[in-house]
Amino acid sequence: MRIERELMRGAGPVAVLKLLEGGPMYGYELVSAIAKRSDGVLAMGQSTLYPMLYNLEAQGFVSSQWRETESGRKRKYYALTAKGERRLASDAAQWQAVARAMRDLGILTEPQGPAVGIEGAAP
Amino acid sequence: MNQSAIPLPDDRRGFWVRLLHTPAADLVRLRVTGRLDVKALMAEADLPEPLRQVVRQVAKKTRLWRCEKVDVAQELIDHFGDGLAAGQSPDGLIEAFGNPRQAARLIRRAKRRNRPLFWRVWGSVIRVAAWTLAAAIVLYAVIFVRFLWGKPTIAWNYMAELNAEAKAIPEDERAWPLYREALMKLEPVPGDFPTEHRQPNVWELAAASPDEVEMWNVLSAYVARNQQSIELTRRAAAKRRLGYCYGNPADAVPFPADPACRQLVPSPRTDNPMVIHLLLEHVQRLRLLALFLRADAGLAAEDGDGARATADLVAQLGICRHSYDAGRFLISNLVGLALLTMAFDTVGEILADRPETFSDEDLHELAHEIAATGDGGPLRLQWEGERAKVRDLLQRIYTDNGEGDGRLTPEGMQALLTLAASVFQDLGIARGHESWGKRLYVDLLGSAASVAVPERRELSRLADRLLDQMERESQTPLWQRSKSKVEEEVHPLWTSPIEAIRFAPVLLLLPCSGSPIEEAERTTQRRDAALVAIALELYRRRAGDWPERLDQLVPDLLPSVPPDRFDGRPLRYRLADGRPVVYSVGCDRVDDGGMPPRSARAYESIRFWYPTWPTDSLPRDQEDRGDWVLWPPVEGGSD
Chain B
421 MRIERELMRG
431 AGPVAVLKLL
441 EGGPMYGYEL
451 VSAIAKRSDG
461 VLAMGQSTLY
471 PMLYNLEAQG
481 FVSSQWRETE
491 SGRKRKYYAL
501 TAKGERRLAS
511 DAAQWQAVAR
521 AMRDLGILTE
531 PQGPAVGIEG
541 AAP
Chain W
55 MNQSAIPLPD
65 DRRGFWVRLL
75 HTPAADLVRL
85 RVTGRLDVKA
95 LMAEADLPEP
105 LRQVVRQVAK
115 KTRLWRCEKV
125 DVAQELIDHF
135 GDGLAAGQSP
145 DGLIEAFGNP
155 RQAARLIRRA
165 KRRNRPLFWR
175 VWGSVIRVAA
185 WTLAAAIVLY
195 AVIFVRFLWG
205 KPTIAWNYMA
215 ELNAEAKAIP
225 EDERAWPLYR
235 EALMKLEPVP
245 GDFPTEHRQP
255 NVWELAAASP
265 DEVEMWNVLS
275 AYVARNQQSI
285 ELTRRAAAKR
295 RLGYCYGNPA
305 DAVPFPADPA
315 CRQLVPSPRT
325 DNPMVIHLLL
335 EHVQRLRLLA
345 LFLRADAGLA
355 AEDGDGARAT
365 ADLVAQLGIC
375 RHSYDAGRFL
385 ISNLVGLALL
395 TMAFDTVGEI
405 LADRPETFSD
415 EDLHELAHEI
425 AATGDGGPLR
435 LQWEGERAKV
445 RDLLQRIYTD
455 NGEGDGRLTP
465 EGMQALLTLA
475 ASVFQDLGIA
485 RGHESWGKRL
495 YVDLLGSAAS
505 VAVPERRELS
515 RLADRLLDQM
525 ERESQTPLWQ
535 RSKSKVEEEV
545 HPLWTSPIEA
555 IRFAPVLLLL
565 PCSGSPIEEA
575 ERTTQRRDAA
585 LVAIALELYR
595 RRAGDWPERL
605 DQLVPDLLPS
615 VPPDRFDGRP
625 LRYRLADGRP
635 VVYSVGCDRV
645 DDGGMPPRSA
655 RAYESIRFWY
665 PTWPTDSLPR
675 DQEDRGDWVL
685 WPPVEGGSD
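Listed in order, the protein sequences are those of chains B and W. The first sequence runs 421 to 543 under the numbering used here. The second sequence runs 55 to 693 under the numbering used here.
Don't read these hints as lab results, they were simulated from the structure. Every value quoted in this text rests on a predicted model; they were computed, and no experiment measured them. Certain hints may be false.
[Said to hold, decoys possible] Quick list of simulated restraints, FRET-style, between CB atoms:
1) W:SER550 - B:GLY480: 50 to 58 Å
2) B:ASP459 - W:GLN156: 19 to 27 Å
3) B:ASP524 - W:GLU98: 54 to 62 Å
4) W:GLN156 - B:ALA455: 13 to 21 Å
5) W:ALA189 - B:GLY480: 31 to 39 Å
6) B:ALA502 - W:ARG200: 56 to 64 Å
7) W:TRP173 - B:GLU505: 24 to 32 Å
8) W:ALA189 - B:ASP524: 43 to 51 Å
9) B:LEU427 - W:GLN107: 31 to 39 Å
10) W:ARG200 - B:GLU505: 57 to 65 Å
11) B:LEU427 - W:ASP459: 43 to 51 Å
12) W:GLN107 - B:GLY480: 28 to 36 Å
Note that beta-carbon positions come from the ideal geometry of N, C-alpha and C, so glycine has one too.
Modelling step: build the complete structure from the supplied sequences, incorporating the hints.
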C-alpha cells in the first residue's frame, strides 16, 4: 500500500532517523532498508530520499561523510547527530501519541508491531 | 561534509581545463585537482547511458554551485552503481528513482538550505529587495496609468469675464478706442537724431528727460507735432473705464510710431487662454502715452501754459486709473503706481521751478484730482488678478471631482514645466519639446510628482490663505507693518527642495508681495507730499509768505496734515533759508531736520527706497542716514 504524500512527508524523516540510529548508512542502503523493513509501505523514490537527506543535513539532524568501502568504492554515509537523536526522541513520542489516539478512535484495531523497524513508535 | 573524499576524474584533461575546475581551497594548496568538472565525472562513471543521462539531467537542473553539483552527481552515480551491483536493472532503477526534474528541484531547495548562513541571509535580502522593487514597479505602474487617465476640466474663463465686464461699459464711456486712435495717429520716430545718439525707438524717446538736452529737444518737437494724439489721450483719460477686450480685433493697435513693433496686442490663440498668458501690452501703450503727457506738461510749463499742463497732469492720473483697471493684476497696479509717482514728481517740479505756471484754479483742480486717487485714502493693491491666475492654473493642471478636489494631470505637468522652464532647462524638458521620448519623460516625471504634489483642494486652500494674508498686509500702513506672515510661511517652502516641488503650482504664481506693498506706501507718501506742496503754494499766494508750520494749512487748504508713512506722525516741515522743505524721516526714522543724506548714492536709495523690514531691521549704513526730502525736489546729496 502506498502512503499519501502528506502522511509520507511526516513519516519519512522519522523513519530515516530511526534507521540511522543503528549506525551510518549510505543512500541506497537506506532506500533498501526502508522498503524492506516497512514491507514496502514506506518505500520512497530516490528523488524523494536524497532531498530529504539533504534537508536533514541542513537542519543538523544528520551528518555526511565520504568513505571508501572494502571493495574500493566510495560512498557517502549519513550518520545521526546528537541533535538528530533528540529530534528522533521527540518525533517518536509524538508518533506514539498519534498511534494511541488512533487506537482510541478505533482506527488502529490492534497494537502496531515494528513493521518499519521503528521500535518504540508503537506502545 | 567531506568533499575531499570524492573520487577525482582521471587527469587526462588539459591543464587549463583542470585549472578551471579546481576549487580555490585546492589552488591554495597548489593542487590542480579539477574535481569540480561534472562532465569529466560523468565520463568516468561506470554506468549505462540511460542512468548516466538521469544523473546528468538531475545535476544540470539543480542549477547549484559546481561543488554541490559534483557532490550530487557523485552520490547518484554511486547510488545507481549500488543498485546495479544489487542486481537491479537500469530501467528498474530509473523507475524507482522517480521524476528527475522533481528530484532536481527538491535537491536544489535542500542544498541551498545547507549553504553558509551569510549566503542565506544575503539571498533573503536579495529576495526581499526584488519583491520590494517589483511591488514598487507595480505601484508606480498603477500611479502612472492613473496619472495618464486624468484630464483637467477647464470650465472657468477669466478672459471672458474681463471681456464681459468691458463690453458692459457703454461705448461712449470706454477709453480704449480713443487711446487706440491716439496711438494710431502717432508719427514714426524721426530719423535725424544728433550724431552722438543712436537711433532711439519711441520708448527711449518718450522717456527722455530735460537733462538730456538734445534728446529732449527732439522729444519736444515730436510732441509738438503730435498734439492730436495728446488731445485724444486727454479725452481718453477722462473716460470712466478702460473698456479693453482681449482678442477683439477692433481693440488691436497698429503702431506706426514704432515700425519695429508691428505685432501689437496679439490676440490670444484660444477663447480661453491661461490667465498668465494674458499679455498686458495695452498697459505698456498706456505708459507710453503717459510719458508723452509728462513731456507735454513740461513743455506747457516752459510756455507758461498752466491750463495745458494741468490737463496733461490730470490725464496722467486718468491713465493711472485705467492701468489699475486692466485686469486688476499686480503688474498693472505697479505700472499705475509708477505713473502716479511720475505725475506727482512733475507737479512738484513745476511748483518748485515755475509755480506761476498754475493758476489758483489749476492748483485746486490738481489738488482735487490728486486727492481722489486711491479714493482719498492710501493707495492699495488689487489681488483679484493674482487670485485668478492661481485659480485658473489649478483648473488646468488638476482633474475636477466636482467638489473642489482633483489630482495632477499630464497636461498640468506640462503646464507646470512650461512655467518652470528656466528651472528645468538643465533637465532638457523645457517648453517646446514634442518628441515621443520627451513626452514619456515628462509623463514619467509627472506621475512620480503627482504622488508628491498635494491634491487640488490643499493647494487651493494654501493659495487662498496666502493671498488673503497678502491682502491684509497690503492694507496695513508702513509704520504698522511687522514681519510678513506670508514671507514667513513661504520662505521655508522655497528653501526646502521637497516642499518647493510639492507646492510648486502655487509658489510659481504667488507674487512677491513685499515690494509692491511698500511701493504702494511710497507712492501714497509722494501723493500726500504733492498735495502738501500745492497747499503750500496756495498759502503763499494768499498770505504772501510760507507758513511756519504745516498745521497752518488745515483746514482751509488741507483736511489734515498727512502722516509720514514711516512713523505715522505728521509729515515734517521746516523753512530753510526762507524756503519750505517737506520731508519724511525716511527709512531710519530719525528726524535729521530735513537734511538729505550725505551722498548722491544714498539720495538715490532714498528716492527709490524699498524697506526690507520697516519696523524691525533699520538700515545702519551711514550713507543711508538723512531724511527723505519730498518737496522741493532734491538734485543730490548735501555734499
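Status of each hint after checking the structure:
1. W:SER550 - B:GLY480: 50 to 58 Å: Given a distance of about 54 Å, which is inside 50 to 58 Å, the answer is holds.
2. B:ASP459 - W:GLN156: 19 to 27 Å: Once the Cβ atoms are compared, 25 Å apart, the range 19 to 27 Å for W:GLN156 and B:ASP459 holds.
3. B:ASP524 - W:GLU98: 54 to 62 Å: 57 Å, holds
4. W:GLN156 - B:ALA455: 13 to 21 Å: At roughly 19 Å between Cβ atoms, B:ALA455 and W:GLN156 fall inside 13 to 21 Å, so the hint holds.
5. W:ALA189 - B:GLY480: 31 to 39 Å: With a Cβ separation near 34 Å, W:ALA189 and B:GLY480 satisfy 31 to 39 Å, so the hint holds.
6. B:ALA502 - W:ARG200: 56 to 64 Å: At roughly 59 Å between Cβ atoms, W:ARG200 and B:ALA502 fall inside 56 to 64 Å, so the hint holds.
7. W:TRP173 - B:GLU505: 24 to 32 Å: Given about 28 Å between the Cβ atoms, the range holds.
8. W:ALA189 - B:ASP524: 43 to 51 Å: Hint holds: Cβ distance 49 Å, inside 43 to 51 Å.
9. B:LEU427 - W:GLN107: 31 to 39 Å: At 32 Å between Cβs, range holds.
10. W:ARG200 - B:GLU505: 57 to 65 Å: 60 Å, holds
11. B:LEU427 - W:ASP459: 43 to 51 Å: Violated: the Cβ-Cβ distance is about 59 Å, outside 43 to 51 Å.
12. W:GLN107 - B:GLY480: 28 to 36 Å: Since the Cβ atoms of W:GLN107 and B:GLY480 sit about 34 Å apart, the hinted range of 28 to 36 Å holds.
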